[in-house]
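There are 2 protein chains.
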Amino acid sequence: MAFLMPTFPSVDEQLTYLKKGSAEIIREAELRAKLEKSRATGKPLRVKLGMDPTAPDLHLGHTVVLRKLKHFQDLGHTAIFLIGDFTGMIGDPTGRSATRPPLTREQIEENAETYKAQVFKILDPQKTVIDFNRRWMGDFTSDDFVRLMAKYTVSQLLEREDFHKRFQDEKPISVHELLYPLVQGYDSVALEADVELGGTDQKFNLLVGRELQRSYGQESQVVLTTPILEGLDGVQKMSKSFGNAIGIHEPPLEMYGKIMSISDEMMWRYYELLTDVQVADIERMKRETHPMQAKKDLARRIVADFH
Amino acid sequence: MAFLMPTFPSVDEQLTYLKKGSAEIIREAELRAKLEKSRATGKPLRVKLGMDPTAPDLHLGHTVVLRKLKHFQDLGHTAIFLIGDFTGMIGDPTGRSATRPPLTREQIEENAETYKAQVFKILDPQKTVIDFNRRWMGDFTSDDFVRLMAKYTVSQLLEREDFHKRFQDEKPISVHELLYPLVQGYDSVALEADVELGGTDQKFNLLVGRELQRSYGQESQVVLTTPILEGLDGVQKMSKSFGNAIGIHEPPLEMYGKIMSISDEMMWRYYELLTDVQVADIERMKRETHPMQAKKDLARRIVADFH
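Chains as they are written, first to last, in numbering that gives the first Met the number 0: chain A, 0 to 306; chain B, 0 to 306.
Everything labelled a hint here was simulated from the structure, so no lab data went into it.
Just so you know, these numbers come straight off a predicted model, no measurement behind them.
For each residue, glycine too, the CB sits at the ideal point set by N, CA and C.
Take the hints with a grain of salt, since some may be wrong.
[As the list claims (entries may be wrong)] Facing chain A, according to a computed beta carbon distance under 8 Å, are these residues of chain B, among others: (1) F139; (2) S141; (3) F144; (4) Y151; (5) T152; (6) L156.
Using the sequences and the accompanying hints, generate a full structural model.
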């Protein structure tokens, strides 16, 4: 049956492709081992990216990690886009200075639909597994909850920078917010994820998945984080509320113009994080291509992704 | 239908009977109001006492609060003895300096049976409602858990003396231990308790019930605490591990002898907490009865409760 196996590129080629535009891999040696095993057995890796259906309008900042998921998909691995319809009701406390208002079931379902349409601008709909964590969390029994919660201590969770700061500042942290990282971690157990992707701000939650898989008797997932993209100003992270974002639904000309307005420095950053152009090619362009031309190419590429 | 109503003693008589041997009532005015309403409507109060089936062998220290439940029963109110078969799997963190090992389902069921047999030495089996919190906690959905946990903050729970100390001392507190007070509180919601009894060390947990009932749209229960009984030495609290306890299963002579060994001071304390003799009668005995005779009477009374 060997002839039916998908043929993966060499492990070194895969690693080079995957490392581009990644912030941290925990741990690279483990990723290498998983890629080797996958290549030897012909079994693709299960690569998880979870998003809460909170902000239905994606901007380019959100696509950095989606593009990393696409890279795994390009290589023949299984891209799992997990919509956190259960966790969405808790609200991810990451980076928050206050408890998030919970979403209603209706908002979540509506946002989930919008999400799917948007992520398929980047991912191949035919090859993407879309899942919802309510599928397993909805069936969680009270005993399952007690068992899951017994696996972490309060201090371990309060070590998180955002929780720690809120705790020190005496800003309330609701008990249910402690559930968030545990449920996100358990999602990796339920999905038997080999790799989980997320922004650098998600590192804590992603590491919980590693721990929980171990304690549920699975091999730990590799955690691969991507940088937080700076907005048009090149200083603050891209965010609608900072007015420095490019929404993926913006009209082509609007998008094109905004990209042309960024600095040369940011242009190369966007090449790294928002295109599939490989590192060696980017280096060559830096030497050989006029920045104005490179910027036009970048703008065309990005517009083409969404229009 | 008024002629079918149970006839309750006057509210003042009831209050006097209930206040004997209680440490604190939160709040007495509310208890009075509930007693008045109960008397006016003929509807008995629902009085809850929860125990985790952890230590199946009761000693006299455990009977102080059981006797208070009996007093409500004597007055015609509904005594609800709640066996925490669900909370037993979490382990009450009260007064603990480390996480309790969870009980197995088998241990819990075995202990629950032993418990029932023992508490009926004090309570009237015909009139006592025995319930198990797995009845509602077992059906708790993941959404129910999120909603319950959203009602408290981490800081509110870490204010508890035992948690606070462990947190300060950097001794681990498992996340699931935070569930304990919330579930105990929710039990009051599920039972629609009018009054909850507990030792003074349970005050925090009992107050959570008040809060949760309010937030689930019920009138808050009254919390009535009873003192922690000192052991034979008259100094430390009665506890098997301190070797100063009288188990309710001990043979009559053994029990009698141990009671005869206590100090006169402790004798009056035991009269207050381990008998139904009323305050006025105890005061008269102090004046009129020889201490040796009073002590013999006490020993006979207590032995008669269990043999």
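For each hint, the structure was consulted:
With its C-beta approaching chain A no nearer than about 4 Å, F139 of chain B sits inside the 8 Å limit, and its interface hint holds. Using the Cβ-Cβ criterion of 8 Å, the hint placing S141 of chain B at the interface with chain A is satisfied: the shortest such distance is roughly 4 Å. For F144 of chain B, the shortest C-beta to C-beta distance to chain A is roughly 5 Å, which falls under 8 Å, so the interface hint holds. This hint holds: Y151 of chain B has a C-beta 5 Å from the nearest C-beta of chain A, less than the 8 Å allowed.
The restraint placing T152 of chain B at the interface with chain A holds, with a minimum CB-CB distance near 4 Å, inside the 8 Å limit. Taking 8 Å as the C-beta contact cut-off toward chain A, the hint placing L156 of chain B at the interface holds, the least distance being around 7 Å.
Against the hints set out earlier in the document, no violation occurs for any number.
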